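There are 2 protein chains.
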Amino acid sequence: MSSDISGFPEFLPQEQIAFNKILNKIQLQFEMFGFIPMDTPAVERLSTLLAKGNDNEIYGIYRVGDENGQKNLGLRFDLTVPFARYVVSKSGQLIFPHRRYQISPVWRGERPQSGRYRQFYQCDIDIIGNGELALAHDAEIVYLIAKTLKSIGVPDFVTQINNRKILCGFLKNIISEKIVPEVVRIIDKSEKISPNEFTGSLETIGMSAEGIGALLDFMGNGEKYSDPSDTIPWLRSIANNEEFSLGVSELNEIIQLLKSWGLEDKFIKISVKLARGLNYYTGTVFETTVNEMEDLGSIAGGGRYDNLTSILSSNKKFPGVGASIGVSRLVPKLFEKGLLSCDKATPAELLVTVQNREFLSSYLKIADDFRNIGVKTEVYLQDKSLGNQMAYANRRGFSYALIANDEELRDGIVILRNLWTKKQITVNINHITKDIWGAFSES
Amino acid sequence: MSSDISGFPEFLPQEQIAFNKILNKIQLQFEMFGFIPMDTPAVERLSTLLAKGNDNEIYGIYRVGDENGQKNLGLRFDLTVPFARYVVSKSGQLIFPHRRYQISPVWRGERPQSGRYRQFYQCDIDIIGNGELALAHDAEIVYLIAKTLKSIGVPDFVTQINNRKILCGFLKNIISEKIVPEVVRIIDKSEKISPNEFTGSLETIGMSAEGIGALLDFMGNGEKYSDPSDTIPWLRSIANNEEFSLGVSELNEIIQLLKSWGLEDKFIKISVKLARGLNYYTGTVFETTVNEMEDLGSIAGGGRYDNLTSILSSNKKFPGVGASIGVSRLVPKLFEKGLLSCDKATPAELLVTVQNREFLSSYLKIADDFRNIGVKTEVYLQDKSLGNQMAYANRRGFSYALIANDEELRDGIVILRNLWTKKQITVNINHITKDIWGAFSES
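Keeping their order, the protein sequence lines are chains A and B.
Here the working numbering is used: the first residue of the first sequence is 44, the next is one more, and so on.
Here the working numbering is used: the first residue of the second sequence is 44, the next is one more, and so on.
In short, the hints are calculated from the structure, not lab data.
Here the structure is a predicted model, which is why all the values come from computation and not from measurement.
Incorrect hints may have been included.
Given that identical chains are not distinguished, each listed pair holds provided it fits within a single copy or across any two copies.
[Said to hold, decoys possible] Below 27 Å or equal to it, Euclidean Cα-Cα: the simulated DSS-like pairs (lysine-lysine) are:
#: 1; residue 1: K380; residue 2: K215
#: 2; residue 1: K316; residue 2: K193
#: 3; residue 1: K302; residue 2: K427
#: 4; residue 1: K193; residue 2: K477
#: 5; residue 1: K419; residue 2: K68
#: 6; residue 1: K133; residue 2: K64
#: 7; residue 1: K232; residue 2: K215
#: 8; residue 1: K316; residue 2: K235
#: 9; residue 1: K64; residue 2: K419
#: 10; residue 1: K419; residue 2: K477
#: 11; residue 1: K408; residue 2: K466
#: 12; residue 1: K380; residue 2: K133
#: 13; residue 1: K235; residue 2: K380
#: 14; residue 1: K360; residue 2: K309
#: 15; residue 1: K133; residue 2: K316
#: 16; residue 1: K302; residue 2: K316
#: 17; residue 1: K465; residue 2: K387
#: 18; residue 1: K312; residue 2: K408
#: 19; residue 1: K64; residue 2: K477
#: 20; residue 1: K387; residue 2: K64
#: 21; residue 1: K221; residue 2: K359
#: 22; residue 1: K235; residue 2: K309
#: 23; residue 1: K408; residue 2: K427
#: 24; residue 1: K309; residue 2: K408
Modelling step: build the complete structure from the supplied sequences, incorporating the hints.
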């Protein structure tokens, strides 16, 4: 993957084909569960973007010929804000529960030298209710993300799962309610800072040594259990307020649904210290990492929120649950680890070689016959030797070549060659069928 | 199609699904001919964009938190400039001829009040040679565009085709060479201005009355022929320099290839006055309009150029031929004319209704069984009556519903209902197969 402008990566053909294959598989899984495609414009009002975003990372746009003109538009930095804006403005025309996916680039105004992407793809799914949304949807989202990651060949991964009500319920018993959000934010960063920095941050916002001790015990004890069937009873035994208990019961329901769905234990782990940074999560939160790719950080994550549109100060209530897959960071890693091959610089399978250009129209028609049975086919139209054409076929990564000289064309036969196995068959051009192609291409 | 910010249209779910269907069909046709997917970043250097674009229509970007910072990047306004930049920077890693497609949005800094799109999709294909490119590729592009438009259900359309060498060769015999490009630009606009304005513009740049008369005769005579087999002999009879003759012979070769490919006559018309605005075309030019949708203007067009990268002042030579389909204007018209239906607000076919939530895991597993045989399936997870669930299925546009109560689940059977024909069958949940689904869904 190379890039002309730092932070704006782009692919070579063979990489793009492999990347698209991943996006297509993700899209297929999302649609398999009835998620509806969505494609909002790249541009939103700055006022909308600033409701959630940080102005440092937002790109505004202006007309180059009118530099001092109005500057009230910018590029989306995530797919959640556009979705919230869409739901608010179109709620009367949507059917609820509304489930949508969006696979689109987002833009972040990073400083060029930071080495981070300034454009990258996000793959988002969300299910939104109008006023209410059943808890089972949380399990559906977690399950679908796991299924999707499996379908694109991500090796051993684990989804850590928690419920904000557990964390917040626990905290409300040891600290004053108004500093709970701040403590949650510090807990969210706990993996990225040293233990001293962690306790220091908690002290700074006024947490007592006793409180910090209780929190550290809670977080530490939670790590002792590797199986949800051990974690849940422990949580039940220490739950000491309604919010905490509700969180445990929600978490348990989701775990049970995932089990009954057949999701293997190794993919799921309860983590009582998982917080997720965003303020608007109110229940289930989860985050997926890949074993042996720790440096990647989380490749997917999401959670339940009471009101999608609260970020836009809408007074309607749209509870939802959603998740996002960070495909732009994941795919280069799959290349690197050899888990995703990129050796085909064409989406086509078959190259029709041309030996006698006087018969060009015959070659073109034969190519169409193959296309008609669903075979992606290119005709080599440059005036080059057969050797050159075969070299082109190999370099580009075609699997099959069709070879015929004028005599063979007159006799109505052509040769199909498998470029990997070197196996070849002779085919009558009046009998090109799916069955013949199937038998040949599988041999 | 509604829009929150003027000029930035977005779709409702059922429209988006229909629009995506069109994009998928276009993509499939492009890949059927071996075109390689390409996806450049939305952002290019302003210096690159300004090499071809007009600063009035280019959007620059800036970091909102750093308004006085560097402003050297902007959003692409077409897909040709990014492609040229890509080829120049990666030519050493590409295999030639290189054929790529890109289906992506572009941005134009139109004034909000102009009522034009400020973001819209383009579907571009180009074939680029390194130093040389056979003329047959021009026919391939014209053929593929026609095939693609047919595949997406565009009704009677006609592709007007010409060769710049004919027009330029003709002009060079009656006017001085240095005003030829300017005259070509005026001819390109001739359909949009009055005859008086047309001759006035030609006089202004110094063309004599005699010259204008000769040009008008040429343009008028060209219109008399409806069939290429009449136009070509006429052109041959009046060709009076080498460039003109070469243009006629190129045009004829392309027409012959299109004929031998089986493209019906009604789809192709030679238009000697077709110029296409862009400077960089040097041979074949073509433009497609839809009969009975004249107000749409051209929905596709393209041509041959001697050097893609000349716009970036590269000294390498990459001759090519390409075309673009203006899908963002076309699709709303297809909706309007009833040529594209948008009555499904889900990509899924089957809704699994849930009558007893204690059996949720059974319903979820059955849904997975259908997904495993390729049926896109949603499970209704809200706690509602069966009547409510069926109403949801109908409103959303599901074709089929699965219905089962706890007794039926215990007996291992479920009912599949076709929501259009009301026909239904009973299926054993241990025998959900492609054959059973195929027989049911086709009945």
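Okay, the hints, checked on the actual structure:
For a Cα distance limit of 27 Å, the shortest separation of K380 from K215 qualifies neither inside one copy, at 44 Å, nor across copies, at 61 Å. Proximity of K316 to K193 under the C-alpha cut-off of 27 Å is restricted to the intra-copy arrangement: shortest distance 26 Å within a copy versus 57 Å between copies. For the identical chains of this complex, K302 and K427 are inter-copy neighbours only, at 24 Å across copies versus 60 Å inside a copy, given an alpha-carbon limit of 27 Å. In the homo-oligomer, the alpha carbons of K193 and K477 lie at most 27 Å apart only across protomers (23 Å), although the nearest pairing inside one protomer, at 31 Å, exceeds that limit.
In this assembly of identical chains, the alpha carbons of K419 and K68 lie at most 27 Å apart whether taken from the same copy (19 Å) or from different copies (13 Å). With identical chains, the CA atoms of K133 and K64 are at most 27 Å apart between copies only, with a shortest distance of 22 Å across copies and 32 Å within one. In this homomeric assembly, K232 and K215 come within 27 Å of each other (Cα to Cα) only inside a single copy, at 19 Å, whereas the closest approach across copies is 73 Å. In this homomeric assembly, K316 and K235 come within 27 Å of each other (Cα to Cα) only inside a single copy, at 13 Å, whereas the closest approach across copies is 67 Å.
Taking CA atoms no more than 27 Å apart as the test, K64 paired with K419 passes in both settings, with 15 Å inside one copy and 19 Å between copies. Proximity of K419 and K477 under a CA criterion of 27 Å is satisfied in both settings, with 13 Å inside one chain copy and 25 Å between copies. In this homomeric assembly, K408 and K466 come within 27 Å of each other (Cα to Cα) only inside a single copy, at 24 Å, whereas the closest approach across copies is 43 Å. Within a single copy, K380 and K133 get their C-alpha atoms only as close as 43 Å, which misses the 27 Å cut-off; across copies the closest is 24 Å, which meets it.
In this homomeric assembly, K235 and K380 come within 27 Å of each other (Cα to Cα) only inside a single copy, at 25 Å, whereas the closest approach across copies is 57 Å. Taking the shortest alpha-carbon separations for K360 and K309, neither the intra-copy value of 36 Å nor the inter-copy value of 56 Å comes in at or below 27 Å. Taking the closest pair of Cα atoms, K133 and K316 never come within 27 Å of each other, the shortest separation being 37 Å inside a single copy and 47 Å across copies. Proximity of K302 to K316 under the C-alpha cut-off of 27 Å is restricted to the intra-copy arrangement: shortest distance 22 Å within a copy versus 70 Å between copies.
Proximity of K465 to K387 under the C-alpha cut-off of 27 Å is restricted to the intra-copy arrangement: shortest distance 18 Å within a copy versus 47 Å between copies. In this homomeric assembly, K312 and K408 come within 27 Å of each other (Cα to Cα) only across copies, at 22 Å, whereas the closest approach inside a single copy is 57 Å. In this homomeric assembly, K64 and K477 come within 27 Å of each other (Cα to Cα) both inside a single copy, at 23 Å, and across copies, at 24 Å. Taking identical chains as interchangeable, the C-alpha atoms of K387 and K64 lie at most 27 Å apart whether they share a chain (12 Å) or sit on different chains (26 Å).
Taking the shortest alpha-carbon separations for K221 and K359, only the intra-copy value of 25 Å comes in at or below 27 Å, while the best inter-copy value is 66 Å. With identical chains, the CA atoms of K235 and K309 are at most 27 Å apart within one copy only, with a shortest distance of 24 Å there and 67 Å across copies. Taking the shortest alpha-carbon separations for K408 and K427, only the intra-copy value of 20 Å comes in at or below 27 Å, while the best inter-copy value is 56 Å. In this assembly of identical chains, the alpha carbons of K309 and K408 lie at most 27 Å apart only when taken from different copies (20 Å versus 54 Å within one copy).
Comparing the model with each earlier hint shows violations of hints 1, 14 and 15; every other hint is respected.
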